Amino acid sequence: MSSSSGQAMLKLDAVEAWYGSIQALKGITLEVNEGEIISLIGSNGAGKTTTMKTIHGLMKPKAGRIEYLGRDTAKISTQELVQMGMAQSPEGRRVFPKMTVLENLEMGAFQREDQSEVASDIEDIYEMFPRLRERKEQKAGLMSGGEQQMLAMGRALMARPRLLLLDEPSMGLAPLVIQQIFDIIVEINRKGTTVLLVEQNANVALAISHRAYVLETGTVVLEGTGKELLASDAVRKAYLGE
Amino acid sequence: MSAAQKQVVIDRTGQLFGCFVLLSLFIVAAKDPATFVGQTTIGITNGALLALIALGYTMVYGIIELINFAHADVFMMGSMLGMQLIVSMGVSAQSGVFAKGAIIVVGLVICMVACALINVAIEKIAYKPLRNAPPLAPLITAIGMSFILANLAQKIWGPSQVSVPDLIGNGSIAGVRIKDIVVIMVTAPLLVGLTWFVTNTRQGKAMRATAQDQGAAAIMGIDVNRTISLTFLLGGLLAGASGVLYALVNTTTVWNAGFKNGLFAFTAAVLGGIGNLRGAVIGALLIGLIQAYSAAYVGDRWTDVVIFSILVMVLVFRPTGLLGEQEITRA
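So the protein sequences, as listed, match chains Z and H.
Heads up: the first sequence is residues 1 to 242, going by this note's numbering.
Heads up: the second sequence is residues 1001 to 1331, going by this note's numbering.
Just so you know, not all the hints are guaranteed correct.
Stated by the list, open to error - Below, computed lysine to aspartate or glutamate pairings styled on DMTMM-like, alpha-carbon distance capped at 20 angstroms: (1) Z:Lys62 to Z:Glu103; (2) Z:Lys26 to Z:Glu223; (3) Z:Lys227 to Z:Glu36; (4) Z:Lys191 to Z:Glu134; (5) Z:Lys139 to H:Asp1213; (6) Z:Lys98 to H:Asp1213; (7) Z:Lys98 to H:Asp1300; (8) Z:Lys60 to H:Asp1223; (9) Z:Lys26 to Z:Glu16; (10) Z:Lys191 to Z:Glu36; (11) Z:Lys75 to H:Asp1223; (12) Z:Lys60 to Z:Asp72; (13) Z:Lys26 to Z:Glu67; (14) Z:Lys139 to Z:Asp183; (15) Z:Lys62 to Z:Glu216.
These are computed hints drawn from the structure, not numbers from a lab.
Quantities reported herein were computed from a predicted structural model and do not represent experimental measurements.
Please work from the sequences and hints to get the whole structure.
Spelled out as C-alpha cells, the structure:
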C-alpha cells in the first residue's frame, strides 16, 4: 500500500472485479508511468477488457485500489475521469453508427470546456488520418473496420487525453492496416500521450511497448519490458504461436 | 425468392394499395370538397395531438428500448390537471378572451412541467432500478405504472367523464375551426423546438449518442443516467401539452383517456418506425387522417378496426416501420 513510486500516472493494486458470481479479475497489480506505452497481453477471457473497464470507472472493483493522477478513483465517475484526461477507444470500436465521422469526432470532445478549439483539433485528427477527412460526411456505421478503428482512436484523441486506453485496436484488421494503426500509436505517444494498450496480437503490441504485462485468467503472470517479453520462451509459446 | 425480392414485392403492393386509397380519397374529395377539407383539418389536429404523445414513446424506446406504457397515462394526467386548473381558476366559456387566452397559456406551461416531472419520477422510481434486469421486468413495471396513474386519476376525479369548460368555442376562420388553429399553433413550435434541441444542442447530441450506443456514450463522458432522465422530461413536456390540448378540443376528459389515445400514438410510433422522431410525427399525422377519413367515409365504428389492422400489417410486412432504418452497424 506504500506509494514509493509516487510518480505513476495510473496504479492498480490487487484489483478484483466480478460479473455477478464470476470473478473476472483476481487481484491485478500494475503501473503506468507518464510517457510510456504499456501493453496488457493475454488470450480471450484473461480479463484485459475488464481491466480497462474497471480503470475507466465503467465497472466498480470489488476489492483493491486504483489510483489515477494520485487520486483514488473509487469515488470518481467516468465523466470526471474523462475530464481528468482519460479517454478510451473501446473494444469493438463502438463508433456511433448513425452519426457522421465529423459528429463522432465532436462526441469525443463532449466533456471539454474549450469548445472553441475543437474545430482545429478535428483538423489535426484529419492530418493524422487523411482517410477520415475524405469520409467526414459518411455515416460511421457504413465504414470499413479499419476506418472505424481510425475513427474510434480519433474520437478518443478529441478528448485531448493524458492517458489513452486502447482496447484491441488490431481486432479484425488486415496486417497492413494494423501496421498503419500501430505507427500512429507510436506517433501519438511521441507527442506526449501515455498509452495503455490491450492486445491479443502480442507481436505488434510488444514491439512498440516500453513495458508489458501478461494476463491469464484474471491475474498478472508475467511482466517486463517489451523486448524481454518478446524474447521470453513462455510468451513466444503461449501468444506468438511458436 | 430472396428476402430482398420479397420486400420489393411487399413494398410495391403497399404502394399500389396507397395509390388506391389516395385515388378513392380524390374521388370523395371531388364529390364534396367542404366535408373533405373539414375532415382533413380534424385529421391533422388529431394527428398533431397523437404526434406529441408518439414522440414520447419513440424517444424512450430509442434510448432504453422500453415501451413506456405509462406514457399514455401521463398524457391523461396532463388533460386532468389542465381541466382542474381551468375549473379552479374559475375560468369558463363565458369569461373574457384575455382570461381564456391567459389560462390556456399558463395551463399549458404548468401542465407540461408537471407531466415532465411525473415522467422523470416514474423513470427514477420504477425503471431505473431495473436498468440491468431482463427486458420483460421494466415492461411489466410500465404496465403497472400505467394502472397506478389511471386509478389515481379515477380516485381523484371520479369514474365518469369530466367536462372541461369550452374556452376555445366552435368558431372558425375561413372554414378552419379555431380549435384546429390553436392545436397547430401550439404543436408546430413544439415539434420544431424538439427537432432543433435534439440535432443542435450538446444535450441533444448526448441523447442521440446514448440511443445509438449507451456504453460508448458513457466512455465519451456522457452522464447516461441524466440523459435518460432528460429524455423522459422531454417526453413528459410533450405529453402534458397534448393532454391540455386534448381536454380543450374535446371539452371533456376521463381517467382512462390515456388508454385508446396511447394505443393510437403507439401505433403511430410503430408505423413511422419506432425510435425515429420524424417517423413518429408522420405516423401520427397518418393515423389522425385515417381516423378522420374513416369516420366520415367508412363509418365511425370501423375506425379502430382500420387503424389496428394497419398496425398489424406494418408489424408483419414492414416491422421497421415506414421510416425505420435498417441496421447499419458493421463489424
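Consistency of the hints with the structure:
1. For the hint pairing Z:Lys62 with Z:Glu103, the CA-to-CA distance comes to about 36 angstroms; that exceeds 20 angstroms, so the pair is violated.
2. In summary, the hint linking Z:Lys26 to Z:Glu223 is supported, as the alpha carbons are separated by about 16 angstroms, within the 20 angstroms threshold.
3. At roughly 14 angstroms between alpha-carbon atoms, Z:Lys227 and Z:Glu36 fall within 20 angstroms of each other, so this suggested pair holds.
4. Of the supplied pair hints, the one linking Z:Lys191 and Z:Glu134 is violated, its CA atoms being roughly 24 angstroms apart against a limit of 20 angstroms.
5. Simply put, Z:Lys139 and H:Asp1213 have alpha-carbon atoms about 14 angstroms apart, close enough for the 20 angstroms limit, and the pair holds.
6. Our distance criterion of 20 angstroms between C-alpha atoms is met by Z:Lys98 and H:Asp1213, whose separation comes to about 10 angstroms.
7. For the given pair, Z:Lys98 sits about 41 angstroms from H:Asp1300 by alpha-carbon distance, which is inconsistent with the 20 angstroms threshold.
8. Straight-line distance between C-alpha atoms of Z:Lys60 and H:Asp1223 comes to about 16 angstroms, which keeps the hinted pair within the 20 angstroms bound.
9. For the proposed pair Z:Lys26 and Z:Glu16, the alpha carbon gap of about 5 angstroms is at most 20 angstroms, so the pair holds.
10. Between Z:Lys191 and Z:Glu36 the CA atoms are separated by roughly 11 angstroms; this keeps the pair inside 20 angstroms, and the hint holds.
11. Straight-line distance between C-alpha atoms of Z:Lys75 and H:Asp1223 comes to about 15 angstroms, which keeps the hinted pair within the 20 angstroms bound.
12. For the proposed pair Z:Lys60 and Z:Asp72, the alpha carbon gap of about 12 angstroms is at most 20 angstroms, so the pair holds.
13. With a CA separation close to 18 angstroms, the supplied pair Z:Lys26 and Z:Glu67 stays within the 20 angstroms bound.
14. Distance hint between Z:Lys139 and Z:Asp183 is unfulfilled; the C-alpha atoms sit about 26 angstroms from each other, more than 20 angstroms.
15. Our distance criterion of 20 angstroms between C-alpha atoms is met by Z:Lys62 and Z:Glu216, whose separation comes to about 19 angstroms.
Checked against the numbered hints given earlier, this structure breaks hints 1, 4, 7, 14; the rest are met.
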